[in-house]
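Q: In terms of our numbering, the sequence shown opens at residue 1 and continues consecutively.
Just so you know, the hints here were simulated from the structure itself, not pulled from any lab data. This one's a predicted model, so the numbers in the text were calculated from it and none came from an experiment. Treat the hints with care, since some could be wrong.
Straight-line alpha carbon distances no greater than 30 Å define the calculated DSSO-like cross-link-like pairs of lysine-lysine that follow [to be verified]:
#, residue 1, residue 2
1, Lys353, Lys377
2, Lys325, Lys377
3, Lys377, Lys171
4, Lys368, Lys353
5, Lys338, Lys353
6, Lys94, Lys488
7, Lys368, Lys325
8, Lys338, Lys325
9, Lys338, Lys368
10, Lys353, Lys325
11, Lys368, Lys488
12, Lys171, Lys94
13, Lys96, Lys338
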Amino acid sequence: MALLTSPPRLRKQRCPPHTMLSLSPSVLSLILLIPFLSLLLLHRSSFPGSSCAPALAGAASRRDSVDGFSGDLRDIDFSWNHLPFSASRPPAAKLKIAVFSRKWPVASAPGGMERHAHTLHTALAARGHRVHVFTSPPPHTEAAPSPSPDGPHIHFLDGEPGQWRCDEAWKLYETEGENDPFDVIHSESVAVFHRWARGVDNLVVSWHGISLEALHSGIFQDLARGEDEPMSPALNQTLGQSVFRVLSEVRFFRSYAHQVAISDSTGEMLRDVYQIPSRRVHVILNGVDEAQFEPDYALGRAFREEVGVPRGADLVLGVSGRLVKDKGHPLLYEAFSKLVLRHPNVYLLIAGKGPWENRYLDLGRNAKVLGAVPPAKLKAFYNALDVFVDPTLRPQGLDLTLMEAMQCGKPVVATRFPSIKGSIVVDGEFGHMFAPNAESLLESLEAVVAEGARRAARRGRACREYARSMFAATKMALAYERLFLCVKNETFCVYPAEFD
């Protein structure tokens, strides 16, 4: 997320001066509405009339531009994941890569950006590249990972656990590259601050969320509150600050030479709203470990028995991640509590921890609250489901959980946000989409119950086929590898090359 610049003071008038956040709600709402409307206009063609309607027109157009592509990779506006890069051949050149990541996954339940960084750079190291990761100190309760000859070299900063200091990381980077310069620098979001990024031609930044999307998120979180629930003062302040964050980002994002958007919709926003030249914006979708996430019927059945799902259950739904409001749990709680009144033989498995953990316990035997599921058991969790539900109210980034579920052959029920609909649920066969409110979610859940487990299994096979072609960690790593080669030497920007 971008650093916040202080809002300008209003000129002194005869009346007492006001800050931005002390303006009347109507004025503040108008100010907030302008960028929100620009977002809606930008994606006006992305919202179908039905919660289940596929984005077939956009997908067909993208396929037409991908098929038979040849030329400069910097000219494409579709995801690099669509292109076949050879995994069986060694890299055209071995690179020395510097990675700046605020955190590195040493905890038992790492966040999405940490998991992305680990998956990507472990795969690049396995391809023979020399990867050096500069990151914050690990928690005192967690042991630092043991060095691996085939993995990234991790440089933990000194200081307090989790405290990121870009200046200290940059000094370590300069020392490491003094006699053997790095070919490419990769920053996970703003791990490299923009004042260090200026003029660095070989720097690539991956945006895992931008403030225009966060503003979108804040609005939908407020719309999700109950009729008698007052607006949170913190949320009101956050919405106001988001406007200034967007303006700040538009100004300083141009400091980064090469920018990776992790969804198609973010790529559009970087080009059209943030005014980044198209040849500097590259869409590369995240990927998940295809060896870890795959269909396993027996494993799923065993997990169902372990957590107490009856053998005769009509349908098993599941959700995973932090159990907090912005992940949409108020919507899922309300929708599922109504669903089980009509369908008492439907079950929901909830993997994760957070404030909504106890609320789900109120739903009785139909809701199985599992707590934080360790990474080693996630495959079993996904395979125990008939349908995976992602009720998120956060359009920024791209949920790895959807990719993991689809890799395991599960259809999804997901919020109809541009990032999800434009990059993941690109076909109506992959599942159902809903507007970010409880009524629309309940309608989608009723639809999957009416379809039944057999129809869900057929949808899941389509999900598996698409996920293998687009969301595999190998596919992501090969796309980043080609981008890094292109940054090092423009001759590698031409596609296809003889090594493809």
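Q: Give a verdict on every hint.
A: Here's how the hints hold up against the structure:
1. Lys353 to Lys377: 15 Å, holds
2. Lys325 to Lys377: 25 Å, holds
3. Lys377 to Lys171: 39 Å, violated
4. Lys368 to Lys353: 13 Å, holds
5. Lys338 to Lys353: Satisfied, since the Cα-Cα distance of roughly 23 Å is no more than 30 Å.
6. Lys94 to Lys488: 11 Å, holds
7. Lys368 to Lys325: 19 Å, holds
8. Lys338 to Lys325: OK: Lys338 and Lys325 at ~19 Å, within 30 Å.
9. Lys338 to Lys368: 16 Å, holds
10. Lys353 to Lys325: 12 Å, holds
11. Lys368 to Lys488: Roughly 51 Å between the alpha carbons, so the hint for Lys368 and Lys488 is violated.
12. Lys171 to Lys94: Status holds; Cα separation ~24 Å.
13. Lys96 to Lys338: 55 Å, violated
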